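Asker: The sequence shown begins at 1 in the working numbering and counts up by one.
Pairwise CB distance ranges (calculated):
no., residue 1, residue 2, range
1, 203, 241, 22 to 32 Å
2, 128, 187, 25 to 35 Å
3, 37, 214, 30 to 40 Å
4, 251, 120, 41 to 51 Å
5, 104, 162, 20 to 30 Å
6, 471, 280, 44 to 54 Å
7, 440, 128, 55 to 65 Å
8, 251, 275, 36 to 46 Å
9, 237, 203, 25 to 35 Å
10, 363, 214, 52 to 62 Å
11, 472, 275, 42 to 52 Å
12, 121, 201, 39 to 49 Å
13, 472, 287, 48 to 58 Å
These aren't lab readings, by the way, just hints derived from the structure by calculation.
Just so you know, these numbers come straight off a predicted model, no measurement behind them.
Every residue gets a Cβ at the ideal spot worked out from N, C-alpha and C, and that includes glycine.
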Amino acid sequence: MIRPLAIAAACLVVCSAVAQENESERILSYHADITVNADASLLVRETIRVYVLGVGIKHGIFRDFPTIYRDFPNNYRTPWLTRFTTTFELQDVTLDGAPVPHHEEMKTNGVRTYIGDPDAFVPPGEHTYSITYRTQHQLAYWDNEDELYWNVTGNGWEFPIEAVEARVRFERPLPSRDVRMNGFTGAKGSTEQAYEWTMGPGNDVVFRTTRSLYAQEGFTISIIFPKGLVDRPAFAATVRKWASDNYAIRVSLLGTVLTFAYFVFAWTLVGKDPAPGEFRARSEPPKEFGPAAMRYLTRMGFDNQTFATALVSLAVKKHVQISQTDKYFTVKRLDTQESDCTPDEKAVLHALLRKGDSVTFKQANHARISKAIKACHDALRAQYETRYFITNAGYALPGTLLAMGTIGAALFLSPHQADKPILFLGIWLTFWSLGCFLLAHMVVAAWRLAFKGIGQFASALFITAFAAPFFAAEIFVTAIMFGSNAFWVLPLIVVLAAMNWLFYQLMKSPTKLGRRALDEIDGFRAYLDGGRNLPQSATMTTPEAIEFNAYFPYAMALDLDTEWAGRFAAELEGAQRDDPRHNAYRPYWYDGDLWDRRGMSSFSGSIASAMSSEISSSSIAPGTSSGGSSGGSSGGSSGGGGGGGGGGGW
1 MIRPLAIAAA CLVVCSAVAQ ENESERILSY HADITVNADA SLLVRETIRV
51 YVLGVGIKHG IFRDFPTIYR DFPNNYRTPW LTRFTTTFEL QDVTLDGAPV
101 PHHEEMKTNG VRTYIGDPDA FVPPGEHTYS ITYRTQHQLA YWDNEDELYW
151 NVTGNGWEFP IEAVEARVRF ERPLPSRDVR MNGFTGAKGS TEQAYEWTMG
201 PGNDVVFRTT RSLYAQEGFT ISIIFPKGLV DRPAFAATVR KWASDNYAIR
251 VSLLGTVLTF AYFVFAWTLV GKDPAPGEFR ARSEPPKEFG PAAMRYLTRM
301 GFDNQTFATA LVSLAVKKHV QISQTDKYFT VKRLDTQESD CTPDEKAVLH
351 ALLRKGDSVT FKQANHARIS KAIKACHDAL RAQYETRYFI TNAGYALPGT
401 LLAMGTIGAA LFLSPHQADK PILFLGIWLT FWSLGCFLLA HMVVAAWRLA
451 FKGIGQFASA LFITAFAAPF FAAEIFVTAI MFGSNAFWVL PLIVVLAAMN
501 WLFYQLMKSP TKLGRRALDE IDGFRAYLDG GRNLPQSATM TTPEAIEFNA
551 YFPYAMALDL DTEWAGRFAA ELEGAQRDDP RHNAYRPYWY DGDLWDRRGM
601 SSFSGSIASA MSSEISSSSI APGTSSGGSS GGSSGGSSGG GGGGGGGGGW
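Produce the complete structure using the sequences and hints provided.
Answerer: Written out as structure tokens, the structure reads:
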């Protein structure tokens, strides 16, 4: 008795499931009549028979039709990063043969047509919707053939489709020869071909699916026919259409040209440097400039290496002692007079250390170190800027504003102007990319010196690890933008950011007094760089240790510390053969693991880069850094081609 009851219950469950399946909302048939007009436009009438239960379909259905493409159907029309648009002209909408209320809404890549009365409900049962529209710019043009590559249903329907039929007729008679048909079914990208086609009266072509389509599946067809059945657009019309479709790019190109033209004009006006004077060799540094000032003048700007140079100069003058334990540098103030200090060195001493005091360069002391860096910068700016060189930043500002305006216009005029997240990401990425550009510059500079010594290599690893999270965020957001039609804005940001950085550097110009100072520095630079271009009387033959120490901060300021130490190392090696006491030599101003008398070039580069790196990291407050193919016989797939979209209920 129990067994028959169990069998009966199972049958009821199965029947209930079948009944529920049969009672689900779905599209019973999807028929498309497509007319290819002689002017290359399409007239399409879609007849969609649906089964309504009042669950997903309450007031009616909606139909999405894409009109904006980043690379249109076969990637044959548009250059990369540009867009292509088609048209959608709604002509007639009916429900069960009678006119029905409808309205359209613009979406980020096309049009959504809502069919139905928002104040009324569609009765349950079978209903037939009809949509008639005209669309242009949907055909592909090859050398000797043209192609209709058309997504009949779209791959975005919320309901399964039991049967699809598409009838294609041409205004001009379609020949029976030299015509090729193709079709694809399934999810987007599928190459399944569950369809059949026949030639109807008047050489109409009829395509039919041979299986039902699930939700988010579609049916795409292709007809390749001889050239001449439709009127191809003239080349001039194609160019005008591209310009019309990509008005944001036109504005961006115009803005970029104007920005560049302004920068060139401003540079011509104020940025050209005075001509260098006569080269005069010298084996001593200019007395009026300390090492930090020398770097500040030659770069016409301040960086962490400038501050590091000031510290080493103070150590050489025996005002501070530099030591290193583990990975941290410690600077200790010695009890000395400041009579031989330059103004910037005095500023560093007063801001960083009291007599007998010491400071370790790590993030816990960031406030103190940042204050000393600012004091050094302020002292150098007050003494040399405007008198020895002019940044002309005021002249660069209009160019920067032009660049920012160009980027802003590009974002607001882009196809995703209504897509607020994309717009926000574009604006955010503008400023983020500028920061990443500067970080990339630092990383490249660090790796250029990475193999000169262990310190340089460690410094390069540190700055790379520091920059990696920022680059990762840049790549992540770029990937999101890549999926939008506004991706081309990214190269625009890179170009304008690079242009601003380049011209900001070019705008800096030495005064006549500054030019004379640079000429004197160039004479001393040649001496530090091995005596090249110097008369024999001025070359260094036997540099003493005192000369090595005294000139080392200047070599560090001019990025010649490795070359200067290499010359001294060679002389020291010769002296060691004559007197073993030279084996004990080490610089009196440094105590740490970086010293290697057999690799003094490595030591000099290591301490320069390591100190600069430690200064950079220790001056940052904790928590502010973050850990178709071409040719007409292209194959294809479901979801490709023009048309498409999808729909659902509302």
